[in-house]
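Dock chain one against chain two, each of which comes alone in its own frame, and use the hints as you go.
Quick note, the sequences are listed as chains A and B, same order. The first sequence maps to residues 1 to 301 in this note's numbering. The second sequence maps to residues 1 to 790 in this note's numbering.
I should point out that these hints are in silico values taken from the structure, not numbers from a laboratory. Only a predicted model underlies this, so the values are computations on that prediction, with no experimental measurement involved. Don't take each hint at face value.
Listed next, the in silico SDA-like pairs over lysine to any residue satisfying Cα-Cα at most 25 Å (straight line) [as the list claims (entries may be wrong)]:
hint, chain 1, residue 1, chain 2, residue 2
1, B, 79, A, 254
2, B, 250, B, 333
3, A, 205, B, 205
4, A, 182, B, 128
Stretches of chain B that chain A covers, calculated by requiring three or more beta carbons in the stretch to come under 8 Å of a beta carbon on chain A [said to hold, decoys possible]:
hint, region
5, 91-103
6, 485-498
We put the CB at the ideal spot given by N, CA and C, even for glycine.
Residues per chain, in single letters:
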Amino acid sequence: MNYLIGAFKPACNISITFADGKNRKQVPLKKENGQTIMVPLFQSQENISGKISIEPVLGKKVEHNGVKIELLGQIEMYFDRGNFYDFTSLVRELDVPGEIYERKTYPFEFSTVEMPYETYNGVNVRLRYVLKVTVSRGYGGSVVEYQDFVVRNYTPPPSINNSIKMEVGIEDCLHIEFEYNKSKYHLKDVIIGKIYFLLVRIKIKNMDLEIRRRESTGSGANTHVETETLAKFELMDGAPVRGESIPIRLFLSPYELTPTHRNINNKFSVKYYLNLVLVDEEDRRYFKQQEITIYRLQENS
Amino acid sequence: MMVDGVEDEEKWLAAGIAGLQQNAFYMHRALDSNNLRDALKYSAQMLSELRTSKLSPQKYYQLYMRAFDELRKLEMFFKEETRRGCSIIDLYELVQHAGNILPRLYLLCTVGSVYIKSKEAPAKDVLKDLVEMCRGIQHPVRGLFLRSYLSQISRDKLPDIGSEYEGDADTVNDAMEFVLQNFTEMNKLWVRMQHQGPAREKDKREKERSELRDLVGKNLHVLSQIEGVDLDMYKETVLPRVLEQVVNCKDEIAQCYLMDCIIQVFPDEYHLQTLEILLGAFPQLQPSVDIKTVLSRLMERLSNYAASSTEVLPEFLQVEAFSKLNNAIGKVIEAQADMPILGAVTLYSSLLTFTLHVHPDRLDYADQVLGACVKKLSGEGKLEDNRATKQIVALLSAPLDKYNDIVTVLKLSNYPSVMEYVDSETNKVMAMVIIQSIMKNNTQISTADKVGALFELIKGLIRDLDGAAHDQVDEDDFKEEQNSVARLIQMLQNDDTEEMFKIICTVRKHILTGGPKRLPFTVPPLVFSSLKLVRQLQGPEENPFGEEGSTTPKKVFQLLNQTIETLYGVPAPELALRLYLQCAEAANDSDLEPVAYEFFTQAYILYEEEISDSRAQVTAIHLIIGTLQRMHVFGVENRDTLTHKATGYSAKLLKKPDQCRAVYACSHLFWVDDQDNMKDGERVLLCLKRALRIANAAQQMSNATRGSTGSVTLFVEILNKYLYFFEKGNTQINAAAIQSLIELITAEMQSESNSPDPAADAFFASTLRYIQFQKQKGGAVGEKYEPIKV
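Just chain B, same shape as in the assembly (with noise of 0.2 Å):
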């Protein structure tokens, strides 16, 4: 017959509204006319518009709130007739003769307000009675309205200290009687919704109450007003009182608030100072209830004000508050077996956070949180629960972010324990997290233990942990954590070469765990990290024939072999040959020729047997070159053997102008600037010679394959050759030399068959304009290009 829908109640809000708005009409006339009988009267028929039944708590909000609007004037004219003479004790009486019990409370709650006002009877006793006789509405809503507006126009009337209604002894008490007894009533009532009405409608119940939440913490807001409301009554009896109405209430909405609204109303001193009381009403709370989130809130909180100031740390000190937290959340923890494991993974982080903020000197007392946590973790097995893990990473960074170093972090024997639990692709975010903290805070790892430590974290991006599945994972993201981990090696530092070597070491072993596909970005910093150390070494105390064991560039250069070789396997020959080149040089710098040698020769191995690719081995090739015309260690036989195979590399490219190229660059070896036993023109020239008819070949070819002899770019290179080692005061190379190779140029520029190539021709242009320069520069360069006609 009724149909429950939100057109009803629209319906029936407006016709409450047109009932309250014509009662209040006639109100008015009353009052404009000091009718107190027709005022009482009307004011009545106008509330009784509040006992509806048929409104949600939103709409029946609108209504009361047009009805408190009308209660003020009423209150004004009650005020007025007092002042006429009325009696305030017969106006009391007065509105007591309504039949109908909520007008009757809303009147008598109205010129109570002004009797509390007129002090014609104490405070503290009209607000007694106001409270007790509200009892009589046992209605839900209408109750908590109703209790609402007792706690509203009281709310400046409580006999409170320094308040113009204080009494002569203890009044108070009075007024935290009164407010703790409305907030007693106002709880109970809502708790009560929970339980009336179908079971069907028991998700629109919750939502209603939870629209009703604040009518009934207001009361605990109102208590933290009452500026008699210290300390000590705060703990004797405040608390007390609230957590027990809280606790034996048994809902769980109610208390999940309510201890939220204790926590957020009430100073964080009194908190710290009572948290023995306010912790042990934890685990009585209903197993359902949210207590992760209210215990961190609290924790979150006294964090704050720990952070707040440093003249409060003593007083949690004093209190032992770590150890009652530890303690509470323990309990919590026991008491509601089936917690899921991210209600206590939270609290354990928030109380992690606290502990930082509030001890943090103390490590042992982050280490027992995180062992607890290890205790926890160890009887569920791997984390499934992905805002669990979530918490597992908030919890293992609250550290880092603490302290901003990874090296007190690694102090904390439970934190790798702790890390077992998160499945790999956590294990991978919370390991970027603290290499990110590293890098961020420049962190000096600086013994071989804590490196290692700290490898056995980050573990997740350091090898494949079981059954990680590889194919998911983001090539992108994979580069970023390997890039991140070849980073993080870089800033392994300590200036003793001893512990340095081991670090070396440790990284070495961890990361050879990697794979193949890891090694390519972690063995280069590992190498430059050691390259790095054999220049400590160089320092002036080297000391070759130091003690056995201790470190040595030979040690290391072992170490390097050993290192590069893991390469073979990715396999990254380019890389590895990379690497030994510059090993190679190293140890040149270090006089080591057997070693450089034999890095040198591992190159070539790999140029021979695992270089295929004609474009690598172009690459390669001028790598190895320019390397080898820095060393300055090897003997004469060592070195030809070495040039040797070098040009003979070149001159077996398989592309022409790559030959040509590589040959001349050959010519280098020869000639090495600072060192005059190495300067050998004739072989020089010969390579450029050699270039030459490389290039001239390759014209050939290219005419023969297109028809087109191509560009001259080959020419003008090696002119720019000729011109160097000319200048460089190579007596093979002469201007006559030069001048033909320059007519050669001309010719084929001009020749038919040539192709235009702008480049080409700039640049034989530059050339040429070089030579002009010189030329015109005087003096002995001048001179010596004089002979060269352009």
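Same shape as in the complex, but just chain A (with noise of 0.2 Å):
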């Protein structure tokens, strides 16, 4: 595409910095063409703030109609590609619309920005916060600059916290208990637990315990459901016996969790799910799914 911005060169090149991008923690996100960049790192009813510069080209001067910046938050639906879903919108006009001569620096500032979705990666949606500086001009084409920034929003230690216990099995051929010890967990958390053997009638090879995420998108006829296995752990090798109890310790930080997402703005969700998988010698697959709720912790660094 270089060759393509060579040839429709833009009349002027637009940059936008933070106020504190300095100090702010830059985390890496995936885009679009696969790149991972670095990008800042905010939460909801932050301030947002920072310098616009706009810089024409060799010194030629640039007519515009104005000169704006928007805080989009975005809804992306893949198979609805290119038509963006706008859950916030914000608008500073940053100039009158006249001529810019030489490279002209612009303030700007959002403050208190109700942000109350994360940014969000998935398979069929994205969820992003960007902010776009537009230069309008009439023929010529406006000029627009992205800036990418992600929003992660941290959720206090839930009041209610269950543990996840259960009896399930196949009649008189396999009877199993387990218990998760909550029903919550942040993302660095461990999961810890154990499976009770009451009966075993058939020859388990070996247990897994996996971590799938589901992401729903769209509503009705057209809900596309994806699920992903983003861990297999295995907890158990071999035969056990009646009465055999296997231990569960599962660290959540080595696996690209994000926190649970329910109905966000009617157009997607995101759920977690345990699945305790006893597989056999003949490799048939005996499993049960339990969601389980995950949630951003304020990490304390």
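In structure tokens:
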């Protein structure tokens, strides 16, 4: 695409800098083209401020119909590509129509911005926040510059966090009781639990605990559900006998998890499940799936 | 599709090793460049090779050992990492990110080891976590090796008393709990192996299991090494817990091995103090468990312990070790109704050994054991099982070995009863053992009762037991056995003559049941034993007019007479004859003329009626002559009769040379050196002349039949007799007679028909030399010889 850019050189360069850009935490963000870039991290109700500087190319003057900056929160469905749904849209007019002869700087500020949803990059859906600077021009086409940033929202530890305990089985074949210590885990949490074998009449080969992410997008007949297995963690090797109890300790930190998202703007949901899978010697799988909630806990650092 | 085979296994092992080495190589590279992430990645991949199910335990072990070596390097690395500032807690978490459980747990144990050493957390917590997490491996072989790894790395890090990892309060308990738990889990895995896989591979599986058993047993060893596990803790916790596991696992191999393991790894003193608990477990074991071996080894250990120092003996008494063991064995035998008799006997045998060591003074204990054994045996009939009889022999030999004294053993009333249950072959073996013991220890068996009991005990040698197959008996063995009996008879001795007589009567009673094959062996020692008694009776206190019933030589001789008579039935006339002559001589010494005469009469009758073989006759006649010559008790009449008979027999021998020799031997009958009234020179000469005649006749006969006169030996022999009597002063023998005899011999030797005989020539030459010598001696002797010309 570079040559195209070269052919239709924009009339000016726009750069966006954040006021606390040097100190603010940067996190990686995966772009559509697969590249990962580092972008600043915000949370809801923060002030987002900074400077825009516009520099005409080669000293040419730039005529414009005004300069504005928008803060957009967008949801993009991949099956509906190119169609963004803006759930947040704030605008600041930076300049009235006129001409720019030389580098010109505009400060901007969006204060206590409500950003209820977290940045999310899923299989079929993307939720992103972006600053969009537009230098409007009549026929020559507007010059637009985007600056992505990431939003993460922190949740305090839930006041109620029951364990998940359940007895499941196939009659006269396999009865197990399993327990996960919580139903809500934060992203760096550890799942502790145990599986208790009440009855074993099948020859089990091994047992895994899977973390599965279920992303559902759209609604009604258009609902798309995508399930990914993010973790496959072997809990047991070999065939247990009745009365054995197998410990579970699964650290969540190595996996790329996000908080659970429920019905974000009626567009999508992201849910997490623990899937306990027992495999017998004939490679038959017996499993039980339990939803867990994942939340983001404020990190101390 | 898959061929089971050693070859394939080798291939899989090779593949496993190759995979392991490759990943180890990358791991080393990561270690060298301090790349923790890669180190974890490649070590996990390396350990993944241990996930294989294709190897037998033995092969798996080889793979495991290689991984073990690599993990040592990794452990060093982790240690350095923490020194470089990496938090051990983070490391402990980091290794748990591994997706596969087996590598994860190996890594966890490895980091755990560093964690404990860092002392950032109490050892007990880390150990507890590790042993708990290891539950994830339920596969027996992989689980056993993993846990054995855990045991290995934790051995020097237990929070034992005095250990640097000891915590504030009671951490020994934690150390013990940890080992116990690991043990329990390992045992479960080990037992589970038995029930996995097809039934037809049972043997293979059992073999594999036994290869793995030491992994399990190692834990018990570790337990025994924990300083803080004292007797109380052992008694209250360790032993009950271990036993609970052993009993509940209901597995024959495990029970057998682990019981033995307990016995072997913990100190004797503990066993002694916890005997009741330990023994309580035995009846609860599976019926197929080889309890006898295990219990025997326990008793063996305790016996050795008792033997080690007398100071420990009071402990045995204090805990009533014997009665506890006795009870336990009773219960085990009761509980395991179909235990082979071998088992029961082995147990009793061990118990007996035990009690003999621990309570040598308590014969009643030993007898109790034998009694119990008899009771058990009585339900079985005669023993058929070879090994069981062997055990019986061991059982019966034990008291002998211990006391070295059959007299003590004879006090065990149940001892003979046990002997009843063995077959005659074993009875014999046992009897031999007993006799050998007596010989070796020179045991004095000095009462008739004891002798009776003893002979009852060794009756397998004394007589044919019912149904014993005679023809199978090896002749040499038989002789050996009977010689032993004979030696035994000689050993019986009591200075009290009354008792000795009783002993002789008892022995006689027993040996007379022995039958013709045994009597020739057993009668002679009895006879000599009796003769010894006779000699004793001749002592200073001899009182021939003693009260009625007291032992007199006469009574002994009567008995002897009857005893020797039994040899008629054998028949063994030559032996009987010898014995009669011995008796006659003894009677002679006792001055009992009629008795001596009677014995001679018996001997003569035997000679006349029973001894027909000419060679035997020759021997017999010489014996008779020899004995008779020494008799001094006879009056003239009796003596005459007897000598007359003897000379008569001599002249009637078949072969001329025999005749000749017998006759010149008879000459001595008329010349008894130290008794002047028995020097009849004339009859001596008569005998010698007669001998000469016979010698002459022999020469002629020889000449007639063979054409040569044969040797002059007989003449030379007679010449010697002449010289003898000549020197003794028999006036009937004069120099002239000698001179003429010498000439006769010389002539004979020069005659043409004489066949040369170097021996005879030499004999003659020496005789002549002797005469020459005597002549030169001078004095009275020289004078006497003077007339003889050589």
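Status of the hints after comparison with the structure:
Proposed proximity of residue 79/B and residue 254/A is supported: the alpha carbons are some 23 Å apart, at most 25 Å. For the hint linking residue 250/B to residue 333/B, the alpha-carbon distance of about 19 Å falls within 25 Å, and the restraint holds. For the hint pairing residue 205/A with residue 205/B, the CA-to-CA distance comes to about 19 Å; that is within 25 Å, so the pair holds. The straight-line distance between the Cα atoms of residue 182/A and residue 128/B is roughly 23 Å, inside the 25 Å bound, and the hint therefore holds.
Counting residues of the region 91-103 of chain B whose beta carbon lies closer than 8 Å to any beta carbon of chain A gives 7, which reaches the threshold of three, so the coverage claim holds. Counting residues of the region 485-498 of chain B whose CB lies closer than 8 Å to any CB of chain A gives 0, which falls below the minimum of 3, so the coverage claim is violated.
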